[in-house]
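For what it's worth, numbering that gives the first Met the number 0 labels the leading residue of the sequence shown as 0, then goes sequentially.
Don't read these hints as lab results, they were simulated from the structure. Be aware that one or more of the hints could be misleading.
Calculated cross-link-like contacts (lysine-lysine; reagent style BS3-like; alpha-carbon spacing at most 30 Å) [as the list claims (entries may be wrong)]:
1) LYS69 to LYS18
2) LYS69 to LYS50
3) LYS50 to LYS39
4) LYS3 to LYS18
5) LYS60 to LYS18
6) LYS3 to LYS57
7) LYS18 to LYS39
8) LYS3 to LYS39
9) LYS60 to LYS3
10) LYS39 to LYS60
11) LYS60 to LYS50
12) LYS50 to LYS3
13) LYS69 to LYS39
14) LYS69 to LYS57
15) LYS57 to LYS18
16) LYS39 to LYS57
17) LYS50 to LYS18
Label-pair distances were calculated between CB atoms; the ranges are [unchecked claim]:
18) ASP65 to ASN17: 12 to 20 Å
19) SER71 to GLU45: 32 to 40 Å
20) HIS70 to GLU47: 33 to 41 Å
Glycine included, every Cβ here is placed at the ideal spot set by N, Cα and C.
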Amino acid sequence: MDSKHYERLYPHLLPFANKIARDSHEANDLIQEAWLRSMKHSYIFELELPKQRAWFFKTMKRMLIDERRKHSRVQNEWAVDDGILLKSCSRILAKWKCH
0 MDSKHYERLY PHLLPFANKI ARDSHEANDL IQEAWLRSMK HSYIFELELP KQRAWFFKTM
60 KRMLIDERRK HSRVQNEWAV DDGILLKSCS RILAKWKCH
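Working from the sequences, and respecting the hints, build out all of it.
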């Protein structure tokens, strides 16, 4: 797991990450996070290059899906909170208008 491995894999990882991510910053973040995860699984670097790439592709894709799900949940929670807040405000305003 040295820079030689990284230099060999990076040209394969970048186009894939750019394809699935929203922008180049997110693509680079995916690559870095996948690289950090690979350090926990040193056996990956004993595999043939195509299998290493496959592991990285699968890992980056799963990370992106997890992140999007998390982001979607947070947005939905805010939407529910906003909806409740709007209903409460509407009730208060309705009471003021009645009097």
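Structure-based check of each hint:
In summary, the hint linking LYS69 to LYS18 is supported, as the alpha carbons are separated by about 20 Å, within the 30 Å threshold. Between the alpha carbons of LYS69 and LYS50 the distance comes to roughly 28 Å, so the proposed pair stays at or under 30 Å and holds. Taking the CA atoms of LYS50 and LYS39, the gap is near 17 Å; set against the 30 Å cutoff, the hint holds. Between the alpha carbons of LYS3 and LYS18 the distance comes to roughly 24 Å, so the proposed pair stays at or under 30 Å and holds.
Using a Cα cut-off of 30 Å, the hinted pair LYS60 and LYS18 holds, with the two alpha carbons roughly 10 Å apart. As the CA atoms of LYS3 and LYS57 are separated by approximately 21 Å, the hinted pair is consistent with the 30 Å bound. Using a Cα cut-off of 30 Å, the hinted pair LYS18 and LYS39 holds, with the two alpha carbons roughly 26 Å apart. Distance restraint check for LYS3 and LYS39: the Cα-Cα separation of roughly 18 Å lies within the 30 Å cut-off, and the hinted pair is therefore satisfied.
A hinted pair counts as satisfied when its Cα atoms are at most 30 Å apart, and LYS60 with LYS3 qualifies at roughly 24 Å. In summary, the hint linking LYS39 to LYS60 is supported, as the alpha carbons are separated by about 18 Å, within the 30 Å threshold. For the hint pairing LYS60 with LYS50, the CA-to-CA distance comes to about 15 Å; that is within 30 Å, so the pair holds. Taken as a hint, the LYS50 and LYS3 pair is honoured in the structure, with Cα atoms around 17 Å apart against an allowance of 30 Å.
Distance check on the hinted pair: LYS69 and LYS39 sit about 23 Å apart at the alpha-carbon level, within 30 Å; holds. With a CA separation close to 18 Å, the supplied pair LYS69 and LYS57 stays within the 30 Å bound. About 13 Å separates the Cα atoms of LYS57 and LYS18, which keeps this hinted pair within 30 Å; it holds. At most 30 Å may separate the alpha-carbon atoms for a hinted pair to count; LYS39 and LYS57 meet this at roughly 16 Å.
Taking the CA atoms of LYS50 and LYS18, the gap is about 20 Å. The hint holds against a cut of 30 Å. Between ASP65 and ASN17, the C-beta spacing of about 19 Å keeps the proposed range 12 to 20 Å intact. Checked against the hint of 32 to 40 Å, the C-beta distance between SER71 and GLU45 comes to roughly 37 Å, which is consistent with it. Judged by the Cβ atoms, the range 33 to 41 Å given for HIS70 and GLU47 holds: they are separated by roughly 35 Å.
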